[in-house]
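Colleague: Below are the chains, spelled out letter by letter.
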Amino acid sequence: MKPTTFREITGNSKGYYMLLALLGLTVAAGLGSAWYMEHNGHWVTGMNNQIVWGMPHVFAVFLIVAASGALNVASMSSVFGKTSYKPLAPLSGLMAITLLTGGLMVLVLDLGRPDRLIVAMTTYNFKSIFAWNMILYNGFFLIVGIYLWTMMQRNLNQYSKTAGFFAFLWRLALTTGTGSIFGFIVARQFYDAAIMAPMFIVMSFAFGLAFFLIFLLAAYKWTGREIGSYLINRLQKLLGLFIAAVLLFVVIFHLTNLYVTQHHGVEDFILAGDNIYSGLFWVGYLLLGTIFPLIICYTSAFRASIGWTTAAAILVIAGGLSQMYIIIIGGQAFPLDMFPGKEVSSSFYDGVIVTYSPTAPEVMLGLGGVALAFAATLFAVKILRFLPLSLANAKIDPHHSAQG
Amino acid sequence: MTLSVVYAILFYAATLLLVVGVVRKIIIYARTPAPLKIPVTPAPTTKAGVVWRMTKEVTVFQSLFKANKWTWLFGWMFHVALAFVLFRHLRYFQEPVWAIVALIQPIGQYAGFAMLAGLTGLWARRFLVDRVRYITSLSDHLMLALLVAIGLSGLAIKYLAHTDIVALKTWVLGLMYFDLQPLPSDIFVLLHLGLVIILMVIFPISKLLHVPGLFFMPTRNQVDNPREVRHTAGWTAK
Amino acid sequence: MKAKRNTQRFWLAAFIFVLFSFGVMADVPVPDIPEAVKGEQCVEETGFMRRNHMELLLHQRDDTLRKGIRTQKHSLKNCFTCHVVKGADNQPVTVKDSRHFCRECHDYAAVQVDCFQCHTSVPGGAKTTGTRP
Amino acid sequence: MSNTQDHIQDDNQIDSYRRKLLGGGAALAGAAALGSGVFFTSIARAKPDAEPASSEIRWGFLIDTNKCADNCDKCVTACNDEFNLTGFGRPETDAQWIRTVTLRDKKTGHTTKLPLMCQHCAHPPCVDVCPTGASFKRPDGIVLVDKHTCIGCRYCMIACPYKARSFVHETIENQKEYGPRGKGTVESCTLCVHRVDKGEIPACAEACPEKAILFGNMNDANSDIARRMASTVSTEIRGDLRLDLGVRYQGI
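Residue numbers (numbering that gives the first Met the number 0), protein chains in the order written: chain H, 0 to 403; chain E, 0 to 237; chain U, 0 to 132; chain R, 0 to 251.
Same shape as in the complex, but just chain H:
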């Protein structure tokens, strides 16, 4: 195969600027929301002393997990030698960086004291998984940055495999760290599960690929560059595989909880409760986020369709957000079990299922993070050579080119 030619997109159409402006406005709205929240204090959000992490964390954790997953396509080529994915590796690395940027923006701007970011970056408690995550996130930027550099500067291409390997190891560590934020919490019934770490890794595969697909397919469709059915089909199947893997882990997670008697309460609450969480689980995650996209990915009727694959990716993202909402909000809504066998009541919402109603600024901040990730990617492909001129079957499929 001939080496792939990468080119900046022209990016001077009305549509391009309108899309960029729309994303920019969303980012601005997110920043404005953050300012509003910080200025007034967090009481203007739906978060309180019971639900201490809310919508911003749903979006932030989701984006951070997706970021490491977005690197997956690159790892497929550099670590697992799948050469057909090689032309996609630069975009994959780019999205890993932009998604993480978006996620961290949301996370940092929700802090009670975002002005002390410098404290967070310089003062570490090494027993805290959160502190490790700060190092993992910063290191991820660095390593993926180096990886991109080795891919994009020709005389460094020889090192890109090594760099890609380290980036792969690092992204595994990063998602393990993110999952462990919840996995290491002994106090809460829905957390405190070692399976959180590997489950987050598998979730990252699906979420990251979904984001990647949405951007890739839209970019090729709107720029009029060619993307062949071979590649779309492969990516479709890959997405299906990841969705199925997530389902497996979700099933194991809940089965374990259902087996352990003391977790029956919280499982009942999440899966069968008269609340939003069970609805999000069965409809949001299972039906919309898992079964529908699985059908799209594995049914020949939808084979290699740009539109349907995009739809599947959007559904995966919707399902993923549902999952995050269940884990983060649901896990906090269920009361702490401080006094087994006792009915507990107090002025501080002990013993009751607490409600959470997110307010607009929180959601706007979260959406601002997503918009930032897309805006940065959109801008980057205009000024740097991330996208191959063509992803036609002849350029990708080794057999195709062998015949030709």
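None of these hints come from the bench; they were simulated from the model.
Each hint should be verified, as a subset may be incorrect.
[Said to hold, decoys possible] In silico lysine-lysine, BS3-like type, Cα no more than 27 angstroms apart, as pairs:
id, chain 1, residue 1, chain 2, residue 2
1, H, K13, H, K220
2, E, K46, E, K36
3, H, K341, R, K73
4, E, K68, H, K381
5, R, K210, R, K197
6, R, K197, U, K37
7, E, K65, H, K381
8, U, K85, R, K175
9, R, K197, U, K72
10, E, K55, H, K381
11, R, K136, U, K76
Since we're looking at a predicted model, the values are computed, not measured.
Chain H is already provided as a structure; the job is to place chains E, U and R on it using the hints.
Modeller: Here is chains E, U and R on its own, set in the frame of chain H:
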């Protein structure tokens, strides 16, 4: 008090040299004819387009970005950080201080480090890249050394040995009010101010003139309309 | 041609004149630093305090909070207790008032004081506001 | 029984309680050891100002829930007064450093009431998870938040098994000199560290009319709290987590 007087005189002299020197250069640039239409294509065909192009040149260094990513990275980092640092220094010249200056002020502290990082990158390039090393003259090193020394001495005041910042500001305001005040004689303050004086004096005869010079680049500031409008400048105007 | 050159020289001279008249002949504004009510020397020499009070405060704060060392010499409380500024009602003014000891210089130098986002800024603490939970 | 005796002197009240609990003989010995003095309003020795907190000491509470009266919240009021914990009429976001919790046994219907605050764990999960080390434990066992380095991430609130911490959701302007509090940081019971360092006992313990909250040095075998813990059974809330709490309860 002797030091205050000496530094005050030096500052007045340096300011005069800087202003007169730069204005003189600007006049020279402005009067230098650009007889031909030579905008680098693709070039804008309207005046508004030229303004947009120059804005991009000034704010994001567009042509440098297209030419060399590493130089752009360090160069841009240095210039943006410098802008923040200079903005932060406005507080010495105002009473009361503008709210926006007070707001940016803390960011300026970190910008100091970014500025040094950018300068280090730019300096390293003059040693590490063969072609650049070949064309580097002693004065290029001097300018970089001067800027680095100014940055280091400034950071030293903030992080190593504090000064009486109120007294320092009073001294600076004293220059503006022609009401001389005592200058805190801390070593890093004297060093920092002394180096800035040197920079101000050298500025009008150094390559730092690219600051005003950028606006007079015919390859960038011309409208690409040779067929629509007859171009006259300098001797062609006669 | 010669007339044109003279015009240019005139404008140049005018410009330089204008530039220097930005400095107005007037007294330099200086912060009005409240004297210590006790009329005593500060806990350290004045020049030292003006340069290094933040280091002392940081050191004291860590010692007090983390180790439980409760000596008062370099405490924040000491600053605004000795240099208390009273308002029209003869009550100490809080940091919201620009005459507050800490604000006089910090406003002048455009340096934020974070302390009072958590700490009280008047001796004995401010009056109770708000409702009981 | 103790409800009817709140006018009686401190020592006598303790004595009567001990008599009831231990029987006459042990009570005599106990009373002798307690001796005279007002140990309920001051502890044995005030720490010199310049001396750092000692790791020899482990400050803690022993709370007798049997004495906790149904409609009493004097400990809560005392804490709120001590730190000016005023609310904004928004119970979901207003801070509570100490609260009374009512327990009702699902089978028997037996109810118990107890004050719940930061349990000052020897192995505090909040300290483990805090990314900047703002949550920390003093050598003498008091768990605090260093508000100078707290970034307001609230991970400690997720990790605390007792929901003992509050996030400051709005601007506060009525702090006490010894009790800094500020928007965007996390806070909780400080075990009245400012009083303890002066040799006084925490505000809640002082305010309790039934003397249900006993404060003292658990490491000192001669202290009242250590003696009482040695002689009667006490429990830790969520003892299964093995956090070695600084707050022990009797009667639950």
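Colleague: Decide, hint by hint, whether the structure agrees.
Modeller: A quick look at each hint next to the structure:
1. H/K13 / H/K220: Roughly 16 angstroms between the alpha carbons, so the hint for H/K13 and H/K220 holds.
2. E/K46 / E/K36: Between E/K46 and E/K36 the Cα gap is close to 14 angstroms, so the pair holds against 27 angstroms.
3. H/K341 / R/K73: 24 angstroms, holds
4. E/K68 / H/K381: It holds: about 15 angstroms lies between the C-alpha atoms, which stays within 27 angstroms.
5. R/K210 / R/K197: 21 angstroms, holds
6. R/K197 / U/K37: Distance of about 25 angstroms is within 27 angstroms: holds.
7. E/K65 / H/K381: Within the cut-off at roughly 12 angstroms; holds.
8. U/K85 / R/K175: 19 angstroms, holds
9. R/K197 / U/K72: 17 angstroms, holds
10. E/K55 / H/K381: 15 angstroms, holds
11. R/K136 / U/K76: Within the cut-off at roughly 24 angstroms; holds.
Against the hints set out earlier in the document, no violation occurs for any number.
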